[in-house]
Amino acid sequence: MADPGATPSPTLSFNSISMVFPDGTEAVQDVSFSVDRGEFVTVVGPSGCGKSTLLKIASGLLEPTGGSVGIDRENLGYVFQDATLLQWRTVKQNVELLAELHSVDKAERGRMSKEAIDLVGLTGFENHYPKSLSGGMKMRVSLARSLTRKPPVFLFDEPFGAVDEITREHLNEETLALFQREGFAGLFITHSISEAVFMSTRVLVMSARPGKIIAEFEVPFEYPRSPDLRFDADFAHLSGEISASLRGAHV
Amino acid sequence: MSTDTVSPDSEVRVQGRSRLSTLLATVLPPIIFGFFIIGFWYAVSYGVLDADRRFLLEPPHKVWQKGFADWDNFSELLDGLKSSARVAILGLSISIVLGMTLAVVMSQAKSIERALFPYMVTLQAIPVLAIVPLIGFWFGFGFKSRVVVAVIISLFPIIVNTLFGLQSAERGIHDLFTLHHASRLTRLRKLTFPNALPAIFAGLRISAGLSVIGAIVGDFFFGQGDIGVGQLLRRYANFLQGEQLLAAVIMSSLMGVVVFLAFGWLQDKVTGKWYEHGGQDV
Numbered sequence: 001m002a003d004p005g006a007t008p009s010p011t012l013s014f015n016s017i018s019m020v021f022p023d024g025t026e027a028v029q030d031v032s033f034s035v036d037r038g039e040f041v042t043v044v045g046p047s048g049c050g051k052s053t054l055l056k057i058a059s060g061l062l063e064p065t066g067g068s069v070g071i072d073r074e075n076l077g078y079v080f081q082d083a084t085l086l087q088w089r090t091v092k093q094n095v096e097l098l099a100e101l102h103s104v105d106k107a108e109r110g111r112m113s114k115e116a117i118d119l120v121g122l123t124g125f126e127n128h129y130p131k132s133l134s135g136g137m138k139m140r141v142s143l144a145r146s147l148t149r150k151p152p153v154f155l156f157d158e159p160f161g162a163v164d165e166i167t168r169e170h171l172n173e174e175t176l177a178l179f180q181r182e183g184f185a186g187l188f189i190t191h192s193i194s195e196a197v198f199m200s201t202r203v204l205v206m207s208a209r210p211g212k213i214i215a216e217f218e219v220p221f222e223y224p225r226s227p228d229l230r231f232d233a234d235f236a237h238l239s240g241e242i243s244a245s246l247r248g249a250h251v
Numbered sequence: 001m002s003t004d005t006v007s008p009d010s011e012v013r014v015q016g017r018s019r020l021s022t023l024l025a026t027v028l029p030p031i032i033f034g035f036f037i038i039g040f041w042y043a044v045s046y047g048v049l050d051a052d053r054r055f056l057l058e059p060p061h062k063v064w065q066k067g068f069a070d071w072d073n074f075s076e077l078l079d080g081l082k083s084s085a086r087v088a089i090l091g092l093s094i095s096i097v098l099g100m101t102l103a104v105v106m107s108q109a110k111s112i113e114r115a116l117f118p119y120m121v122t123l124q125a126i127p128v129l130a131i132v133p134l135i136g137f138w139f140g141f142g143f144k145s146r147v148v149v150a151v152i153i154s155l156f157p158i159i160v161n162t163l164f165g166l167q168s169a170e171r172g173i174h175d176l177f178t179l180h181h182a183s184r185l186t187r188l189r190k191l192t193f194p195n196a197l198p199a200i201f202a203g204l205r206i207s208a209g210l211s212v213i214g215a216i217v218g219d220f221f222f223g224q225g226d227i228g229v230g231q232l233l234r235r236y237a238n239f240l241q242g243e244q245l246l247a248a249v250i251m252s253s254l255m256g257v258v259v260f261l262a263f264g265w266l267q268d269k270v271t272g273k274w275y276e277h278g279g280q281d282v
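Quick mapping for you: the protein sequence lines, in order, are chains A and B. First residue of the first sequence: 1, per this note's numbering; consecutive thereafter. First residue of the second sequence: 1, per this note's numbering; consecutive thereafter.
Keep in mind that the hints are not guaranteed to be accurate.
[Unchecked claim] So these bits of chain B aren't anywhere near chain A, every CB distance computed over 12 Å: (1) D50; (2) R54; (3) Q65; (4) D70; (5) N73; (6) I173; (7) D175; (8) L176; (9) L179; (10) H181; (11) L191; (12) I206; (13) Q224; (14) V270; (15) K273.
[Said to hold, decoys possible] Straight line, CA to CA, 30 Å or less: simulated DSS-like cross-link-like pairs of lysine-lysine: (16) B:K190 to B:K66; (17) B:K273 to A:K131; (18) B:K110 to A:K106; (19) A:K114 to B:K190.
No lab work stands behind these hints: they were computed from the structure. Don't be surprised by glycine CBs; every beta carbon is placed ideally from N, CA and C.
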């Protein structure tokens with residue numbers, strides 16, 4: 001499945017990726033970058049600039065029309081925009097889904113789901129159905145589901161866009177805690193600059209259609225990052241720079 | 001459970017009273033309206049119709065006396081209902097198996113759906129009356145033909161609702177299954193089929209009622225063998241037995257209601273715990 005020509009070293013690499021849809025829409029143009037273990041890279045850009053397309057290409061859901069991707073697709077964490085839970089399954093059953101699809105035996109599944117549910121702080125909710133959970137809790141279940149596979153790469157497709165701001169900040173902090181603990185390579189998509197700066201080791205700015213990487217910012221802050229970082233002067237300064245380059249991208 | 005100011009005892013009483021009042025609020029309006037209907041019925045029987053034309057709409061108490069309280073008549077009606085119920089249940093069972101199988105097959109490929117769907121619509125559009133003679137030729141004039149009519153009438157909602165349900169799973173969840181190399185069968189078992197359950201039950205409730213109608217209509221045309229409600233309706237009409245005719249109408253609609261409620265109960269048992277109604281009730 002993985003591109004045979006790719007070198008094994010970076011965990012995820014895009015090599016001159018282009019994507020033109022059958023209807024002629026040019027979504028992505030000549031995008032190259034890589035993400036390594038221990039890196040958390042965020043792509044910000046205006047709506048419809050092809051950010052999500054990048055993740056679909058990385059995961060193999062879409063075949064790019066040009067370029068190649070270096071990635072091991074056998075074990076990939078993918079967190080979707082929606083929690084994508086199966087509403088007829090309890091929290092525990094939802095978290096166990098991927099292990100089930102990979103034919104992991106029942107005892108092991110139970111152990112994996114317990115650990116993942118603990119990690120996202122949903123202990124006690126194992127037997128709840130999604131309809132009784134808040135939006136933020138559903139996203140946690142979705143995270144826990146991916147965590148059971150302990151993937152070395154995590155793709156996040158604007159996962160916290162639909163929750164309120166306070167919940168979003170909490171989820172950001174929790175995702176970072178997981179990132180530090182598990183040490184995966186993270187590729188995160190968002191249109192929120194403060195979310196991008198708070199989470200990432202690196203922020204890439206993507207232009208409007210066709211999507212190109214037009215700027216790259218290193219984020220110098222140490223992990224673990226405290227919630228107060230959001231009110232730091234350096235944080236504000238960096239956010240301002242990214243915002244300026246994004247505004248350029250919008251023209 | 002209890003608060004500081006209210007003793008548990010009085011709390012129970014308050015709760016009990018409010019439960020009673022909500023019960024009354026649900027039950028009273030239809031009861032009151034029921035009285036209006038009965039009043040209107042009497043008004044037509046005695047006010048509008050002359051004595052010699054009263055058989056067109058016999059008053060409620062006469063319907064009760066001859067149709068329900070007279071055991072000979074009522075047991076005949078019950079036997080008819082039993083026979084029609086048997087046809088309806090068998091017809092519905094065939095519709096469920098056939099309809100769900102067809103829908104699953106159609107959901108597997110757009111080309112299969114395109115090939116079959118026009119014929120389903122055509123089958124649905126044929127008035128039963130038009131194919132009654134054919135059904136008679138092919139399946140005889142008894143039990144089998146009645147079942148066939150029940151199937152023809154109740155099949156379509158099951159196909160359409162099951163197909164809709166199978167196709168309504170979120171795109172993102174499909175992507176998740178794709179990423180984890182789920183087979184067709186796994187996808188059906190773990191995703192599309194359970195996801196379709198609420199829609200399937202919506203279809204079942206419609207089809208269950210239709211299968212009762214189909215059984216009675218079939219019985220009306222195909223009179224050999226057991227005597228069902230359809231044959232009774234025909235006979236009561238021929239002999240101008242208005243009371244028994246109305247009793248038969250009431251009992252057959254009751255049978256439809258019972259079936260509808262039974263499937264509602266089953267639906268709640270199966271999907272009630274997890275299904276989030278997206279707006280209107282089914």
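Hint by hint, here is what the structure shows:
| no. | hint | verdict |
| --- | --- | --- |
| 1 | D50 | 61 Å, holds |
| 2 | R54 | 56 Å, holds |
| 3 | Q65 | 51 Å, holds |
| 4 | D70 | 50 Å, holds |
| 5 | N73 | 48 Å, holds |
| 6 | I173 | 5 Å, violated |
| 7 | D175 | 6 Å, violated |
| 8 | L176 | 6 Å, violated |
| 9 | L179 | 6 Å, violated |
| 10 | H181 | 8 Å, violated |
| 11 | L191 | 7 Å, violated |
| 12 | I206 | 22 Å, holds |
| 13 | Q224 | 46 Å, holds |
| 14 | V270 | 9 Å, violated |
| 15 | K273 | 6 Å, violated |
| 16 | B:K190 to B:K66 | 55 Å, violated |
| 17 | B:K273 to A:K131 | 9 Å, holds |
| 18 | B:K110 to A:K106 | 36 Å, violated |
| 19 | A:K114 to B:K190 | 21 Å, holds |
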